[in-house]
Amino acid sequence: MKKASSRTRVVTGGAIVAALALGGFGAYSASATGEDTAAAPTAATAKADAKNKNTTRSTHLTIETASKAARATLDAAEKENQRVSVAVVDRNGNTIVTLRGDGAGPQSYESAERKAFTAVSWNAPTSVLAGRLANAPTLKDIPGTLFLAGGAPVTAKGAPIAGIGVAGAPSGDLDEKFAQAGVAALGR
Numbered sequence: 005m006k007k008a009s010s011r012t013r014v015v016t017g018g019a020i021v022a023a024l025a026l027g028g029f030g031a032y033s034a035s036a037t038g039e040d041t042a043a044a045p046t047a048a049t050a051k052a053d054a055k056n057k058n059t060t061r062s063t064h065l066t067i068e069t070a071s072k073a074a075r076a077t078l079d080a081a082e083k084e085n086q087r088v089s090v091a092v093v094d095r096n097g098n099t100i101v102t103l104r105g106d107g108a109g110p111q112s113y114e115s116a117e118r119k120a121f122t123a124v125s126w127n128a129p130t131s132v133l134a135g136r137l138a139n140a141p142t143l144k145d146i147p148g149t150l151f152l153a154g155g156a157p158v159t160a161k162g163a164p165i166a167g168i169g170v171a172g173a174p175s176g177d178l179d180e181k182f183a184q185a186g187v188a189a190l191g192r
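All you need for the numbering used here is the position in the sequence shown, starting with 1, plus 4.
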């Protein structure tokens, strides 16, 4: 193998050093620019965001508030010696908290979640929705729903923000009564 001349080695080494230095500087500059933009939006950006009509904000229960509602629901059931499960879901139907009372049946956990999902999806108590099945029997085919009494929506400014579902009592009327106790606890 032929050795490169010292001049070739110097030029090649210099080119490599220059490329590394420029590459490092470019990466640093891009990183610094990205951090500055994300950390401190300009006043123009803030005004544009405030006037943007293509986005919306939604209200959600905190974990503490959802837990308070679930506990109040379970307490109401326990006062009447009922063994139930309680689920609180957010506006999107995602479970925030679920409590399975002592002695609640194995089916009650999933049923409570599905009732809560159904109540928030239609912003109506599930007992009312169950009555609508006579006119629209295919509603029951929607995944994740359960059209039995025991689900109650939670609203803020008229819009649904959560659902509370209860399952396990001997009747849907009792399940819904306990769910309503959870909704009422949020107003205290």
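It is worth saying that the hints were derived from the structure and are not from the lab. All values reported here derive from a predicted model rather than from experimental measurement. Each residue gets a CB set at the ideal place from its N, CA and C atoms; glycine is no exception. Each hint should be verified, as a subset may be incorrect.
Heads up, simulated BS3-like pairs for lysine-lysine below, C-alpha to C-alpha not over 25 Å straight-line [claimed, not checked]: (1) Lys83 to Lys144; (2) Lys83 to Lys72; (3) Lys161 to Lys181; (4) Lys57 to Lys181; (5) Lys181 to Lys72; (6) Lys83 to Lys181; (7) Lys161 to Lys72.
Taking CB as the label site, the calculated pair distances span [claimed, not checked]: (8) Asn56 to Pro174: 50 to 60 Å; (9) Ala188 to Asn58: 32 to 42 Å; (10) Arg61 to Gln111: 35 to 45 Å.
Earlier hints that do not hold, by number: 1, 4
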